[in-house]
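**Q** Could you put together the complete structure from these sequences and hints?
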Amino acid sequence: MAKYKIVIKKSAAKEIKKLPTYYLNKILLKIGELSENPRPVEAVKLTNEEKYRIRVDVYRILYEIKENIHTIIVVKVRHRKDVYN
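Taken in order, the sequence shown gives residues 1 to 85; the numbers are from the working numbering.
Since the hints were derived computationally from the structure, they do not count as laboratory data. Warning: the hint list may mix true and false statements.
Derived lysine-lysine pairs resembling DSS-like cross-links, with alpha carbons at most 30 angstroms apart [unchecked claim]:
| # | residue 1 | residue 2 |
| --- | --- | --- |
| 1 | Lys14 | Lys76 |
| 2 | Lys18 | Lys66 |
| 3 | Lys9 | Lys51 |
| 4 | Lys10 | Lys76 |
| 5 | Lys30 | Lys18 |
| 6 | Lys5 | Lys76 |
| 7 | Lys3 | Lys45 |
| 8 | Lys45 | Lys17 |
| 9 | Lys17 | Lys81 |
| 10 | Lys76 | Lys45 |
| 11 | Lys10 | Lys30 |
| 12 | Lys66 | Lys17 |
| 13 | Lys51 | Lys81 |
| 14 | Lys30 | Lys5 |
| 15 | Lys18 | Lys45 |
| 16 | Lys76 | Lys30 |
| 17 | Lys26 | Lys81 |
| 18 | Lys26 | Lys10 |
| 19 | Lys81 | Lys66 |
| 20 | Lys26 | Lys66 |
| 21 | Lys45 | Lys30 |
| 22 | Lys5 | Lys81 |
| 23 | Lys26 | Lys14 |
| 24 | Lys9 | Lys45 |
| 25 | Lys17 | Lys30 |
| 26 | Lys76 | Lys18 |
| 27 | Lys17 | Lys76 |
| 28 | Lys5 | Lys18 |
| 29 | Lys9 | Lys26 |
| 30 | Lys66 | Lys10 |
| 31 | Lys51 | Lys10 |
| 32 | Lys51 | Lys18 |
| 33 | Lys76 | Lys66 |
| 34 | Lys81 | Lys9 |
| 35 | Lys3 | Lys76 |
| 36 | Lys14 | Lys45 |
Simulated DEER-style distance windows between Cβ atoms [unchecked claim]:
| # | residue 1 | residue 2 | range |
| --- | --- | --- | --- |
| 37 | Ile73 | Leu24 | 17 to 25 angstroms |
| 38 | Thr21 | Glu49 | 13 to 21 angstroms |
| 39 | Arg55 | Lys18 | 13 to 21 angstroms |
| 40 | Lys3 | Asn85 | 31 to 39 angstroms |
The beta carbon of each residue, even a glycine, is placed where N, CA and C say it ideally should be.
**A** Right, dumping it as structure tokens:
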């Protein structure tokens, strides 16, 4: 399987910079793993959207998969209580 390119939207990058170090390392590791497997077992496709969600402790990573260009776009990285607003 070909590796996927990871693109992090500016807004998501700002969110990532604000994360506590403890969660930051876990989240960056999980985002990196998406390049090898964009649909891991723990990923959940969101209803009525072309986005997926992965849990990392109390945080959620929302991302889109662009199959035609082998790219993953990280849209949001937020605390679970704020991610769907």
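**Q** Now look at each hint and say whether the structure bears it out.
**A** Right, here's what the structure says about each hint:
no.	hint	in the structure
1	Lys14 - Lys76	10 angstroms, holds
2	Lys18 - Lys66	27 angstroms, holds
3	Lys9 - Lys51	14 angstroms, holds
4	Lys10 - Lys76	10 angstroms, holds
5	Lys30 - Lys18	17 angstroms, holds
6	Lys5 - Lys76	17 angstroms, holds
7	Lys3 - Lys45	20 angstroms, holds
8	Lys45 - Lys17	25 angstroms, holds
9	Lys17 - Lys81	18 angstroms, holds
10	Lys76 - Lys45	14 angstroms, holds
11	Lys10 - Lys30	18 angstroms, holds
12	Lys66 - Lys17	25 angstroms, holds
13	Lys51 - Lys81	18 angstroms, holds
14	Lys30 - Lys5	14 angstroms, holds
15	Lys18 - Lys45	26 angstroms, holds
16	Lys76 - Lys30	14 angstroms, holds
17	Lys26 - Lys81	19 angstroms, holds
18	Lys26 - Lys10	20 angstroms, holds
19	Lys81 - Lys66	27 angstroms, holds
20	Lys26 - Lys66	24 angstroms, holds
21	Lys45 - Lys30	16 angstroms, holds
22	Lys5 - Lys81	29 angstroms, holds
23	Lys26 - Lys14	17 angstroms, holds
24	Lys9 - Lys45	19 angstroms, holds
25	Lys17 - Lys30	16 angstroms, holds
26	Lys76 - Lys18	13 angstroms, holds
27	Lys17 - Lys76	12 angstroms, holds
28	Lys5 - Lys18	23 angstroms, holds
29	Lys9 - Lys26	19 angstroms, holds
30	Lys66 - Lys10	18 angstroms, holds
31	Lys51 - Lys10	17 angstroms, holds
32	Lys51 - Lys18	23 angstroms, holds
33	Lys76 - Lys66	16 angstroms, holds
34	Lys81 - Lys9	20 angstroms, holds
35	Lys3 - Lys76	21 angstroms, holds
36	Lys14 - Lys45	24 angstroms, holds
37	Ile73 - Leu24: 17 to 25 angstroms	20 angstroms, holds
38	Thr21 - Glu49: 13 to 21 angstroms	30 angstroms, violated
39	Arg55 - Lys18: 13 to 21 angstroms	19 angstroms, holds
40	Lys3 - Asn85: 31 to 39 angstroms	32 angstroms, holds
Checked against the numbered hints given earlier, the structure breaks only hint 38 and satisfies all the rest.
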